[in-house]
Amino acid sequence: MARFRVRFAPDKFTPKQLPQEELKPRKQAPPRRFYRCRYPCRECRQSRSRCDETYPVCLRCSRKGIVCHAAAREQQWQIHLPALTLTSGHHVSSLLHSQSDSQLLQYWLEKTSRILVACDDENPFAYPIVEHLSTSHSMLYIIKSISSAHQHFFHPGQVHDSLEQRIKGIEALRGELTMGSQQSHTLFLSIYLLGISSSFLDHKLQDFGYEHLEAARTVINLILAEEASLKHPLTRLVVGTFVYWDMSCAFLSQTSSSPIHNFEGPLYTFIAEEMAGFSHPTTGPCTGLFYILCTLGRYIRHVISGGIRDSDLEIILEVKLLAWEFPDPDPPTMWVQTAEAFRKHGLIMLCRFCYPQNLALWEDWTDTEEHGVDRSIDQLTQQYAVDIMTSLSAIPLTSTYLALQPIPLLTAGAELTAEDSHLRSESKSRLLALYSCSRIPANLVAANLLDRLWQLRMEGGGVTWPELLIQDNMKLRIG
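If you number the sequence shown the way UniProt numbering does, the last residue is 479 and the count never jumps.
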């Protein structure tokens, strides 16, 4: 049936016409903004990719499984060199002969010095060290040497300027020793910086600064022999710094037929009496624990090198490791986790290189059958390794306490089995993260060393990381 409608009647289906003034042109989309990365890593910068700047390993490098050469971070509050020299009263600027010298010193104060401490809130190697530079030209040269190499990740092809500054520092230090007028604490700091940087710059892993370590030991003995020096405000700083340095080198030093172990000498006495409540910037409240581990490392090297065993010393070391505790009843959580990791590191070394029947910790693990001892060793060291990773994993990668982890990470990673694949991955990734933030090549070498140890274990080998270092004649100083 046809439909009819009145002519000129409005159609109810006709869309409503909008007034002309309501029609507005569509706004154009805003131009796309490109954000410039402030601290891109070297890999993202070279590939011209946007870096998310996650520190110490960006997400892009993490996904690709490659080493991330992160940009060095600055402190939130900075003091520029001209203002610092004017307010401190020390005319350091007269010793800086070029813009490059000023930049290297500023770089040290803001960035490089942070790799030397666990907590950089009060870093004695940053701005407080300026007061020593006006009297110690050698220290200034050494600082410029380390900063120059640190800018280039200590790459062997880019350390020419660093080595030139280092040579000048050695010559200046020789002159200061000849004059005999240098203050003992300042002298120690110069020797210390010269010594630890030896391993940073030697990519052949043959030089860890042994001669500088022994020179520093002599200076420490001179400081502790003077009654007036015991109360000097810098004495606790240099003692704690030396103990940690000595601990990191203890296994590398060739020992005589009678290894050094002295729990009654002036150094141990000073640690027990004067540093009990002192929070050291590097060792925190754990200086006594690091002294025990120093003695243990030297003894382990003595044993591996074919020296005569000392069952009494082994028992003393075990007792001291198990009995050590914080002087403060409420220590910081970060130090509790770090100390527990180092304690278990020491116990693993005892398990691997000391006779089981000499140690009390075997009573709950060994059975009466002789063939069960080796199995119990593996079980116990694996449990200690898991405990170490549990403690260290609780510390974020962004924490400055990460700098203390390489030694227990290497020990734990070497003891983990194939069933602990996630912990193995964690131990290696943390060593790579350490390299990214500190730029110290030894951390990268340690990560590669774990791969070799795991491969040897898969092939049926049972070599430990200290034995592998001796076999390869590698003097790897980590820490």
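Incorrect hints may have been included.
Below, in silico cross-link-like pairs of lysine-lysine (DSS-like), each with a Cα-Cα straight-line distance of 27 angstroms or less [what the hints assert, rightly or not]:
1. Lys320 - Lys64
2. Lys168 - Lys111
3. Lys204 - Lys428
4. Lys111 - Lys428
5. Lys111 - Lys231
6. Lys168 - Lys204
For the record, the hints were derived by calculation from the structure and aren't laboratory data. Computed from a prediction, not measured in an experiment: that's the story for all the values here.
Hints, verified against the model:
1. Lys320 - Lys64: violated, 44 angstroms
2. Lys168 - Lys111: holds, 23 angstroms
3. Lys204 - Lys428: holds, 22 angstroms
4. Lys111 - Lys428: Within the cut-off at roughly 25 angstroms; holds.
5. Lys111 - Lys231: The hint is violated at about 31 angstroms.
6. Lys168 - Lys204: holds, 22 angstroms
When held up to the earlier numbered hints, the structure conflicts with 1 and 5 and fits the remainder.
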